[in-house]
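Asks: These protein sequence lines map, in sequence, to chains F, Z, C and G.
All the letters of the first sequence, read from the start, carry residue numbers 1 to 320 under UniProt numbering.
All the letters of the second sequence, read from the start, carry residue numbers 1 to 320 under UniProt numbering.
All the letters of the third sequence, read from the start, carry residue numbers 1 to 320 under UniProt numbering.
All the letters of the fourth sequence, read from the start, carry residue numbers 1 to 320 under UniProt numbering.
Hint data in this document are derived by calculation from the structure and do not stem from the laboratory.
These numbers come from a predicted model, not from an experiment.
We put the CB at the ideal spot given by N, CA and C, even for glycine.
Ranges between beta-carbon positions, derived for each pair:
(1) C/K118 x F/N205: 42 to 50 Å
(2) Z/F23 x G/T171: 29 to 37 Å
(3) F/N205 x C/E77: 51 to 59 Å
Protein chains: 4
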Amino acid sequence: MKKVGIVGANGYTGSELVRLLAFHPKVILSFLYSRSNSGTKISDLYPDLTTVCDVVLTDQPEDVDILFLCLPHKESENWLNQNPVKDETLIIDLGNDFRLNGNFGSRNFIYGLPEINKKQLSGSKSIANPGCFATSIQLALLPLAQKGLLNEVYTTGITGSTGAGQSLQSTTHFTWRNDNISAYKTLKHQHVEEILQQLVSFNNNEISLNFIPWRGDFARGIFTSSTVKTDLELSDIEQLYKDFYADEPFAKISEKPIDLKQVVNTNRCVIQIEKSGNVAVIHSAIDNLLKGASGQAVQNMNIAMGWEENLGLNLKPIAF
Amino acid sequence: MKKVGIVGANGYTGSELVRLLAFHPKVILSFLYSRSNSGTKISDLYPDLTTVCDVVLTDQPEDVDILFLCLPHKESENWLNQNPVKDETLIIDLGNDFRLNGNFGSRNFIYGLPEINKKQLSGSKSIANPGCFATSIQLALLPLAQKGLLNEVYTTGITGSTGAGQSLQSTTHFTWRNDNISAYKTLKHQHVEEILQQLVSFNNNEISLNFIPWRGDFARGIFTSSTVKTDLELSDIEQLYKDFYADEPFAKISEKPIDLKQVVNTNRCVIQIEKSGNVAVIHSAIDNLLKGASGQAVQNMNIAMGWEENLGLNLKPIAF
Amino acid sequence: MKKVGIVGANGYTGSELVRLLAFHPKVILSFLYSRSNSGTKISDLYPDLTTVCDVVLTDQPEDVDILFLCLPHKESENWLNQNPVKDETLIIDLGNDFRLNGNFGSRNFIYGLPEINKKQLSGSKSIANPGCFATSIQLALLPLAQKGLLNEVYTTGITGSTGAGQSLQSTTHFTWRNDNISAYKTLKHQHVEEILQQLVSFNNNEISLNFIPWRGDFARGIFTSSTVKTDLELSDIEQLYKDFYADEPFAKISEKPIDLKQVVNTNRCVIQIEKSGNVAVIHSAIDNLLKGASGQAVQNMNIAMGWEENLGLNLKPIAF
Amino acid sequence: MKKVGIVGANGYTGSELVRLLAFHPKVILSFLYSRSNSGTKISDLYPDLTTVCDVVLTDQPEDVDILFLCLPHKESENWLNQNPVKDETLIIDLGNDFRLNGNFGSRNFIYGLPEINKKQLSGSKSIANPGCFATSIQLALLPLAQKGLLNEVYTTGITGSTGAGQSLQSTTHFTWRNDNISAYKTLKHQHVEEILQQLVSFNNNEISLNFIPWRGDFARGIFTSSTVKTDLELSDIEQLYKDFYADEPFAKISEKPIDLKQVVNTNRCVIQIEKSGNVAVIHSAIDNLLKGASGQAVQNMNIAMGWEENLGLNLKPIAF
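Starting from the given sequences, assemble the full structure and let the hints guide the process.
Replies: Here it is, written out as structure tokens:
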């Protein structure tokens, strides 16, 4: 059994990690770090965890084999500076500190999208876990990028309220958000740079990504539709995608309509392609807290540690 | 045209009053008072009001014919002490300051449930608008109370998130509240005393009301089911209720199943009675912000001013 | 008072017309036609209408001044062939039979988008009411089309379940639709042709509209985001839109973020524009059953009859 | 590995069993029976099951070690008559055919509520799985019944739409159900008899259960509040419940407020007790498809087979 620590365990992605790792056969939760909730049982913050995990949150990190950082963006680097971690520890950062530039001291964080970087992730000690929208949109576009077929992309995506975290905001007030739809960060979402850095490394030429994120009136999940121009036939695109993801346990191409709830409470991404004239639309759906965050972090841990990729990730979908 | 002022116009019930009075044919909005949002247009707080009402909130009240107080509970009295109002002004208080004891200086606040106090409300200058659950539960029980037939009552009610106001709380966070149900203030909701004071004045003997309020995963509305014992036949109870509410424009007895959305965005209360053995259940439903607050306040204004009772209250139901 | 008949009053748009016209000061409901529900009170189908409108549905149409057709697509023409209507009667068809080609016998149906055709609608006897998505998307694009500035448009839109009508379908089953998002009719929604016919008549050159409709997990409303390229500055686009809609009571340009609930239960369309580089995004929101159907039909009636355009349309927004 | 068959695998409870058993370490799915969907892959009906379980539904049952019946009420007996099952096969019926009277041929179905019948269930070959409301309400009342402390009980419960099954009905139409609350089967729900039969066997005297079920606007879960009179102190009641459920892995007493989402997508029941005067309220919450149906069926299988009770039931809660 490997010892695990989670920093920022009191947040949504941190507590999802607890839910996943509590039943993982190869790890034990060694400490759950939280400055603001130190001294409180995690199950007092999240009563669904009662008897599943009643660990008391602490502000005293210990030596562990695997460390997950679930901090607000731009706080991982600070935390690591203040709490030095030995070189042998696998660090998986769920924030965005090391996604664009992975260098930190002697470490070099690998971008943790297993569908492109599985080899580099294997045995790695430093992993930058991708963003939620970034995961959904990249998985929708990677096979085309790999063939150098992307130019202009028009993407609309919708996210559940968990994407906004647990802080109380007017846009997460139930009275406002229920039955409501709104756009935010139009054309300037922070994930665009992250997406383009990866896609361009494949595509070898300029890509423009016009991305409109919407707030949805549900708690979990991301659904994105990306429109591109291509002369490929639909069946050729589908084959391209199937080949690209042939060995991937969590990326699935569907020839039938997909919907968000197919993936909620799972680590999966489902992708469907439609075409009319020379315009193709690629739909993709993930659970933003799992394949878009904590589930993918466990997947990355499994790969880095040389374990079966889906260990602890055979989750019962919510389905209904 | 009568001049109206609304104190606490920046809250939910205050802004609902603006929505109702903006199209009322006998009044003009003279001032909208808010200390915290003074200087801001009401339509900047509530964009649905743009061009409907672009009045700037002020902390300087003026002389008006009709004054609505939409303040947090226990603040109405303070406000009136600090901002003396002349005797000729009709004051309608939506808080709970004067519901149990209506005496304030030379004023005597009448409990503003038109279905029992219409005569006293007519011409009155001081009205204490009932609470939302109090309205739904009283309308469900009044005809039985009037006949002295109430003893023990078991009521469960569910309320939308607007009942909790606009402040950001963990129990109104979308992520928590969506798809969720929970109980609060079990057996000790503050409306029980208000309800009993009215019912007992009719019933002439002891009543016990065991009331369990639930938080619902919707924004608007209250649905309550009250269980009582009675030897009356169902048809007799229905007749009793129909007679009691025969002249009431906003209380309707239904012989068919009722549901909450029948009344959302209206000033109505619908009531249905079911019976098995000697046990009767009375279901009732209202929109908590309208018949449960601002709509009833307008109804009370109409009655007090001698206007048609439903003036400005012919509202299109949301229906779907 | 003008006499009104509604054909298909048992459906969603038909019953919304009843809700609107029951309180309209210039009309009386003369007959409500339904073959399948003939003999039933409309208020038994829609209990929210109890005492508001208890008219019995009939399969015997009468002579009226104004006739609304709320039939499934492609059934209006059949109905008119089987039930001849005299020439003086104003016919407003909410189906899509006459939107693309308005010729029918001696009648010539005018496309009923008041923001472009107000003059032709005034005094008209035949009006083809636009589709719901068609209304939202056209209002978002018209000012640019009028200047010949549209080329390629990428639009994603999301609609409430009422857009799918009242028939029971797997995609309107609560268990499936709750918390779910899905795409349908990708790049081939029937409104695209309707939209382009109007836009091209303004724009004078080819426009391509790549439209992805999504099913939303709410009952009412449409939100669309349309992406275009333009060298105009944001402030110039905003001014263009404000000028274009300067005299329109129901189309509003917002410089601040918009959201769907600003317009639910109103006849309004709110529009917001954002820009980055040479890419502009135009967001728009309507209530699909009001500005997208029955509300716009009443607006068209008012214009055709020479009445005030917003008569009967000063609706209280749901707001929360 | 034991061979499992599921009859009625195309329904909600059947497909939930598939989701649970696909990852259960001691069983393999031998056949999935459905007359109406024979020849179709289960993953074509429920795309979330793609690659998890792609078994083709059949109308030819085979010999298995364990057979689950997930048929509409009153169809289990017919099915068994037409498809004889050998004596060694463990049959778990999720319908209500054998709950009140367990005799069927040489079999005697044990009522499958592990919290009362664990000994009889161990090694049993015939189990009648309890109803969903019946599970939630019994778990809320059993410790009091065991002490003979129950007389009159007033219970209100709310259920998600999955409780109504997958057939398309007006009360499961999204447009109607969203944001809506309604009562059904007031005082005459079919589970009352099932509940009383069990409780009375403990309580040894008359119990009256006045039960009002409500339809909720969510898909999964049941929340019930039961009101009783008792002279016991709150702390004594809590201790009584804790003692009663001390060894139960899935029934948990909470001293803090509970909410429905604590148990959604788990096999747990959480219970909270409140008291005022001589009135006690017991709240309880379960996932109607898991502890209220398929999860409890797996729990019963585990007990009957002598396996660890929570095998395959360490489910990640939806939590958000």
